[in-house]
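Residue numbers (my numbering), protein chains in the order written: chain A, 134 to 479; chain B, 9 to 334.
What the hints contain is simulated information worked out from the structure, not anything from laboratory work. Every residue gets a Cβ at the ideal spot worked out from N, C-alpha and C, and that includes glycine. One or more of the hints may lead you astray.
Said to hold, decoys possible - Covered stretches of chain B (chain A as the covering partner; in silico rule of three or more C-beta atoms under 8 Å from a C-beta of chain A):
id	segment
1	77-86
2	104-113
3	248-255
Said to hold, decoys possible - Taking lysine-lysine pairs in the DSBU-like style, the calculated list, with each CA pair at most 35 Å apart, reads:
id	chain 1	residue 1	chain 2	residue 2
4	B	Lys108	B	Lys59
5	B	Lys210	B	Lys118
6	B	Lys41	A	Lys316
7	A	Lys455	B	Lys118
8	B	Lys188	B	Lys47
9	B	Lys47	A	Lys376
10	A	Lys288	B	Lys41
11	B	Lys47	B	Lys108
12	B	Lys59	A	Lys208
13	B	Lys188	B	Lys230
14	B	Lys188	A	Lys187
Residues per chain are reported as follows:
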Amino acid sequence: MAKIEDRGAKSTTAAPGINDDIGEELRLRMYRMQVVLRESEQRAFDLFLQNLVKGTSHLSLGQEAVATGFAAAMKPGDLSFCTYRGHAHTLARGVPVERVLGELMQRDNGLMRGKGGSMHLTSAEHGVMGSYAIIGAHLPIACGAAWRAQYKGDKDVSVCFFGDGTCNIGAFHEALNFASVWKLPVIFVCENNLYMEYTPIGDVTAVEHPAADRAAAYGLPRIVIDGNDADVVYRTARDAYDKARAGAGPSLIECMTYRYSGHSRADPAKYRPEGELEKWKQRDPVVIYRERLRQFGIGDGVIRDIEADVRRQVDEATEKCKAAPMPPLDLLAADVYADGGFAWRN
Amino acid sequence: MAELTYRDAVARGISQEMARDPDVVFLGEDVAKAGGVFKATVGLYEQFGPKRVRDTPISEQAILGAAMGAAMTGLKPIAEIMFSDFFAVCFDYIANEFAKSRYMSNGQLKCPLVVRTGNGAGSRFGAQHSQSVENWCMMIPGLKVVAPSNPRDVIGLMAAAVRDPDPVIFFEHKSLYATKGEVPDGEIVDALGTAAIARRGKDATVLALALMVPRALAAAEKLQAEHGIDCEVVDVRSLVPLDTQTILGSVARTHRLFTVEENPRLCGWGAEIVSIVADEAFYDLDGPPVRITTPHIPLPAADILEDIALPTVERIVERVRRSMQA
Numbered sequence: 134m135a136k137i138e139d140r141g142a143k144s145t146t147a148a149p150g151i152n153d154d155i156g157e158e159l160r161l162r163m164y165r166m167q168v169v170l171r172e173s174e175q176r177a178f179d180l181f182l183q184n185l186v187k188g189t190s191h192l193s194l195g196q197e198a199v200a201t202g203f204a205a206a207m208k209p210g211d212l213s214f215c216t217y218r219g220h221a222h223t224l225a226r227g228v229p230v231e232r233v234l235g236e237l238m239q240r241d242n243g244l245m246r247g248k249g250g251s252m253h254l255t256s257a258e259h260g261v262m263g264s265y266a267i268i269g270a271h272l273p274i275a276c277g278a279a280w281r282a283q284y285k286g287d288k289d290v291s292v293c294f295f296g297d298g299t300c301n302i303g304a305f306h307e308a309l310n311f312a313s314v315w316k317l318p319v320i321f322v323c324e325n326n327l328y329m330e331y332t333p334i335g336d337v338t339a340v341e342h343p344a345a346d347r348a349a350a351y352g353l354p355r356i357v358i359d360g361n362d363a364d365v366v367y368r369t370a371r372d373a374y375d376k377a378r379a380g381a382g383p384s385l386i387e388c389m390t391y392r393y394s395g396h397s398r399a400d401p402a403k404y405r406p407e408g409e410l411e412k413w414k415q416r417d418p419v420v421i422y423r424e425r426l427r428q429f430g431i432g433d434g435v436i437r438d439i440e441a442d443v444r445r446q447v448d449e450a451t452e453k454c455k456a457a458p459m460p461p462l463d464l465l466a467a468d469v470y471a472d473g474g475f476a477w478r479n
Numbered sequence: 009m010a011e012l013t014y015r016d017a018v019a020r021g022i023s024q025e026m027a028r029d030p031d032v033v034f035l036g037e038d039v040a041k042a043g044g045v046f047k048a049t050v051g052l053y054e055q056f057g058p059k060r061v062r063d064t065p066i067s068e069q070a071i072l073g074a075a076m077g078a079a080m081t082g083l084k085p086i087a088e089i090m091f092s093d094f095f096a097v098c099f100d101y102i103a104n105e106f107a108k109s110r111y112m113s114n115g116q117l118k119c120p121l122v123v124r125t126g127n128g129a130g131s132r133f134g135a136q137h138s139q140s141v142e143n144w145c146m147m148i149p150g151l152k153v154v155a156p157s158n159p160r161d162v163i164g165l166m167a168a169a170v171r172d173p174d175p176v177i178f179f180e181h182k183s184l185y186a187t188k189g190e191v192p193d194g195e196i197v198d199a200l201g202t203a204a205i206a207r208r209g210k211d212a213t214v215l216a217l218a219l220m221v222p223r224a225l226a227a228a229e230k231l232q233a234e235h236g237i238d239c240e241v242v243d244v245r246s247l248v249p250l251d252t253q254t255i256l257g258s259v260a261r262t263h264r265l266f267t268v269e270e271n272p273r274l275c276g277w278g279a280e281i282v283s284i285v286a287d288e289a290f291y292d293l294d295g296p297p298v299r300i301t302t303p304h305i306p307l308p309a310a311d312i313l314e315d316i317a318l319p320t321v322e323r324i325v326e327r328v329r330r331s332m333q334a
């Protein structure tokens, strides 16, 4: 397991007890959200096997704490820019499971009625300003949204989530420099799950921590955190949002985590050394959080009710998606241009 | 009415729109304090200040990505890519991102932005600073593409581009920056998707874009004077949307079609228009359509080589004469 450090995030030490700076109500919400993400992604995988999810899909199983902790620190109006591994970040903003699974199943009830698919989940009304499938593309785009906030005096903050592999593409470096020079209210969140796709990130990266070890080059503090602990993620995120809202500029945060499944649907992840997956499963974010709730005196009944309720919710969403119609054929040429159509000539 | 250079028209067009709408912002490399490497944006920084006119690092992906993110969330950015050849280092945004986000999001996202860029040859800059790449953009669903040939059109099409709800690629021709033209006083607002008949004629239709428009006009005068061939010159102006009605209307009157294209031959904009005319107006034609283009070559630096690469007035005259007299 990678060494976990924590520098630069100041208020990460909790006062003991459930009524600390996070509190019971938020902790129960964060637990519920992690279960929603776990159950929804597992369901997405099951639906692949039934050939009800077409195309490709990239799951966040094992990475639930990052999406949960960040979303918990956001305010309404804050904007999220996600990658093709974006189901969790979309759901974490409160998008109904049905709308996400519907899009994966390319049904008319999907978020984009089947026009985008798994890799492009977008829900502007929830602040999910797109999921971007070209590595690194959305980092500059998040800068632009942050520039608008700065220009107009709006208080919202933009966040972009990306993987460790993104730290080796040019757009990452252009965006970090740009955001730092312009002092933009944007947060860069690297989910380091140890593999760029099939290749270990360490084999192809000049530094140990692909994001954090580059922070100094852009005048930013080096921040590496335990990405499997939602409390740690939440507190780090909260600090970054406070900093951005105070006009103090961007943050770059590297969250150490691990994906249980392969890179995509097509990848059985046979490149992993024996025992690695099992080792990380001992630090499962959902298990860690469940244990914490127990330590704080939350009863098993409460925990079981949350889990049962989420499963029911995901089951219901699945049934609704299975019953949903396919998109109408006239969607094919809709919304190419702002007039709603695709006319390129008179 | 005043005489203005094409270069000054760029600044005036941007200024007109920035003065009208506080959501219009302008960013690019060396565009603010330096006034642009082609001096096409002189005075904007002084007029609108550092908040609205912003110098960027040499980061074309960051420039277009930032323009897109700002456009998605409520601004109307104008982004400069210094040379259109540099589209190749930020083409993801042009081809994959702002062209497709409205479609992929089922209409949830919008990208009302303008990318303006110095396009075209004539400066002896060689193969990486001289290309005409309008055809790179014409082929991408979701984009609009314009290329003005004179100062008045620069202002009017800039206004139309800024006010348009879709992403617009605005090709300025480097070899036209010093040219002059009459420009009316007051606000000028044109329409995208409209071609203009630059010279009336009855014998042949000659389509041209940007720098090729003055060359086609000069060729038309020579063809008239020396060979008695009366050409109608159509300034295509807007590749997407494409004003096919003006083009088809002209061909219906003259019965002959020539295109004069600076882009290298394969998949140039003229090929698309010729295919439309062949499909829809075949029986209007009295002879085969002819494309006059730069050959399928990278551009050389040496002036004597670059000069013969692009369609010249002499080449246009010769090609039209030969075809018309065949």
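Problem set entry | Restraint status (C-alpha distance of Lys288 of chain A to Lys41 of chain B at most 35 Å) | Since the Cα atoms of Lys288 of chain A and Lys41 of chain B sit roughly 29 Å apart, the hinted pair holds (cutoff 35 Å).
For this session: Three residues minimum, CB to CB under 8 Å: does the segment 104-113 of chain B make the cut for coverage by chain A? Let me know.
Result: Answer holds; 7 residues pass the 8 Å Cβ test.
Problem set entry | Given coverage of the segment 77-86 of chain B by chain A, checked by CB-CB distance under 8 Å (3 or more) | That given contact holds, which follows from 8 residues of the segment 77-86 of chain B lying within Cβ reach (below 8 Å) of chain A.
For this session: Compare the distance between the alpha carbons of Lys188 of chain B and Lys47 of chain B with 35 Å, and conclude whether the hinted pair is satisfied.
Result: holds, 15 Å
For this session: Would you check the hint for Lys41 of chain B and Lys316 of chain A, treating anything up to 35 Å between C-alpha atoms as holding?
Result: holds, 20 Å
Exercise. Taking only the CA atoms, is the gap from Lys47 of chain B to Lys108 of chain B under or equal to 35 Å?
Worked result: The given pair, whose Cα atoms are some 32 Å apart, holds under the 35 Å limit.
For this session: Compare the distance between the alpha carbons of Lys210 of chain B and Lys118 of chain B with 35 Å, and conclude whether the hinted pair is satisfied.
Result: violated, 44 Å
Exercise. Are the Cα positions of Lys188 of chain B and Lys230 of chain B separated by 35 Å at most?
Worked result: Holds: Lys188 of chain B and Lys230 of chain B sit about 22 Å apart, inside 35 Å.
Problem set entry | Pair hint outcome, Lys47 of chain B versus Lys376 of chain A [Cα-Cα no greater than 35 Å] | Judged against 35 Å, a Cα distance of about 39 Å means the pair is violated.
Exercise. Between Lys455 of chain A and Lys118 of chain B, is the straight-line Cα distance small enough, at 35 Å or below?
Worked result: With Cα atoms ~31 Å apart, Lys455 of chain A and Lys118 of chain B stay inside 35 Å; holds.
Exercise. For the pair supplied as a hint, Lys188 of chain B and Lys187 of chain A, is the alpha-carbon distance within the 35 Å limit?
Worked result: Violated: Lys188 of chain B and Lys187 of chain A sit about 57 Å apart, past 35 Å.
For this session: Establish whether the coverage given for the segment 248-255 of chain B by chain A is satisfied; the threshold is a Cβ-Cβ distance below 8 Å, and no fewer than three residues must meet it.
Result: Three-residue rule met by the segment 248-255 of chain B, so holds; n is 6.
The structure does not agree with the numbered hints 5, 9 and 14 stated previously, though it agrees with the rest.
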